[in-house]
Amino acid sequence: FGMCKEGIFDGKLTSTFCGTPDYIAPEILQELDYSFSVDWWALGVLMYEMMAGQPPFEADDEDSLFESILRDEVLYPVWLSKEAVHILKSFMTKNPAKRLGCVAAQGGEDAIKRHAFFAGKIDWEALEHRQVKSPFKPKVVNPRDTSNFDKDFTNMPVAFTPIESVIVKAINQDEFQDFSYQNPDWRCLERGEVPKDDANEGRRALRDDLAVNLKQTLPMTPISSNPSTTNDNVSSTITVVKTDHMPIPHTETKRNSTPTPFQLNSIPSSSSLTNAQQKSMKHNNINNKTVIINRSTTDETDM
Numbered sequence: 001f002g003m004c005k006e007g008i009f010d011g012k013l014t015s016t017f018c019g020t021p022d023y024i025a026p027e028i029l030q031e032l033d034y035s036f037s038v039d040w041w042a043l044g045v046l047m048y049e050m051m052a053g054q055p056p057f058e059a060d061d062e063d064s065l066f067e068s069i070l071r072d073e074v075l076y077p078v079w080l081s082k083e084a085v086h087i088l089k090s091f092m093t094k095n096p097a098k099r100l101g102c103v104a105a106q107g108g109e110d111a112i113k114r115h116a117f118f119a120g121k122i123d124w125e126a127l128e129h130r131q132v133k134s135p136f137k138p139k140v141v142n143p144r145d146t147s148n149f150d151k152d153f154t155n156m157p158v159a160f161t162p163i164e165s166v167i168v169k170a171i172n173q174d175e176f177q178d179f180s181y182q183n184p185d186w187r188c189l190e191r192g193e194v195p196k197d198d199a200n201e202g203r204r205a206l207r208d209d210l211a212v213n214l215k216q217t218l219p220m221t222p223i224s225s226n227p228s229t230t231n232d233n234v235s236s237t238i239t240v241v242k243t244d245h246m247p248i249p250h251t252e253t254k255r256n257s258t259p260t261p262f263q264l265n266s267i268p269s270s271s272s273l274t275n276a277q278q279k280s281m282k283h284n285n286i287n288n289k290t291v292i293i294n295r296s297t298t299d300e301t302d303m
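Numbering (the UniProt record's numbering), first residue to last: 1 to 303.
Hints are computed from structural coordinates only; laboratory data are not their basis.
Virtual Cβ for every residue (Gly too), placed ideally from N, Cα, C.
Keep in mind that the hints are not guaranteed to be accurate.
[Claimed, not checked] Now the in silico label distances, taken between C-beta atoms and shown as ranges:
id	residue 1	residue 2	range
1	P77	D150	16 to 22 Å
2	P77	D110	25 to 31 Å
3	L127	K151	29 to 35 Å
4	K94	T20	14 to 20 Å
5	T20	V158	21 to 27 Å
6	D152	T20	19 to 25 Å
Hey, can you work out the whole structure from these sequences and the hints?
Structural data, given as structure tokens:
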């Protein structure tokens with residue numbers, strides 16, 4: 001969401017400390033009352049970035065950046081035209097009373113339109129009515145085409161900020177009532193409901209824990225396509241299901257009298273296990289589990 005201050009006209013001033021650090025005008029950093037002069041400063045910073053390919057003020061941290069904005073003079077690349085350098089200097093004048101667009105004796109905002117940098121290049125009336133054609137129109141193959149963006153950004157891994165209900169509960173969400181989007185988990189909490197992620201958290205944790213225990217207890221071997229090689233003692237109590245999604249557990253386990261091509265083989269019988277292994281199998285209650293083969297992982301759920 002963008003942000004702007006309403007009602008700033010006819011000489012009215014404001015003093016809110018806000019803005020993107022690289023574009024904050026000196027008068028904001030000095031905690032002075034200000035008006036639209038800060039917008040012309042920000043425009044100068046933006047134009048400099050577009051022409052020079054880098055910000056006019058740089059630093060390792062925010063405090064140093066603010067010091068640079070207040071004290072440093074801007075360096076201009078040699079390839080910029082004198083008209084370009086002049087308008088950039090005029091916009092990035094630290095004293096707002098002398099900044100381009102803010103001097104009443106020069107015509108205020110009209111002085112910007114008359115500047116040599118724009119002379120004879122822009123039809124301001126057509127621009128105001130949005131009738132000016134862009135000199136560059138990027139080619140977009142489809143709505144998801146990212147070819148016009150730098151690969152340094154498009155190759156970055158995509159990740160969402162994790163949502164923690166405890167933190168959400170602690171925030172006064174009334175401040176966001178007029179926003180067009182609100183956290184759906186908060187709406188659940190307002191109604192006294194548990195967000196879906198929290199409701200399934202315990203089940204997922206139990207499932208993952210059981211899967212780890214199973215892998216540690218039973219050595220997994222390649223699936224045999226020959227049912228006759230499957231250990232009969234185990235096939236009667238373990239059902240193997242191939243699925244793309246975790247199924248909803250049934251209330252009871254049915255004995256599998258007919259082995260399927262997806263059953264495990266070479267699982268040792270209890271008679272061939274050591275005492276420690278038998279205790280481990282008993283601890284994990286392997287006879288009451290259903291093994292789920294889900295593409296690349298093996299999970300298990302209580303029955």
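To see whether the hints hold, each was checked on the structure:
no.: 1; hint: P77 / D150: 16 to 22 Å; verdict: 21 Å, holds
no.: 2; hint: P77 / D110: 25 to 31 Å; verdict: 29 Å, holds
no.: 3; hint: L127 / K151: 29 to 35 Å; verdict: 33 Å, holds
no.: 4; hint: K94 / T20: 14 to 20 Å; verdict: 18 Å, holds
no.: 5; hint: T20 / V158: 21 to 27 Å; verdict: 23 Å, holds
no.: 6; hint: D152 / T20: 19 to 25 Å; verdict: 20 Å, holds
The structure meets every hint from the earlier list without exception.
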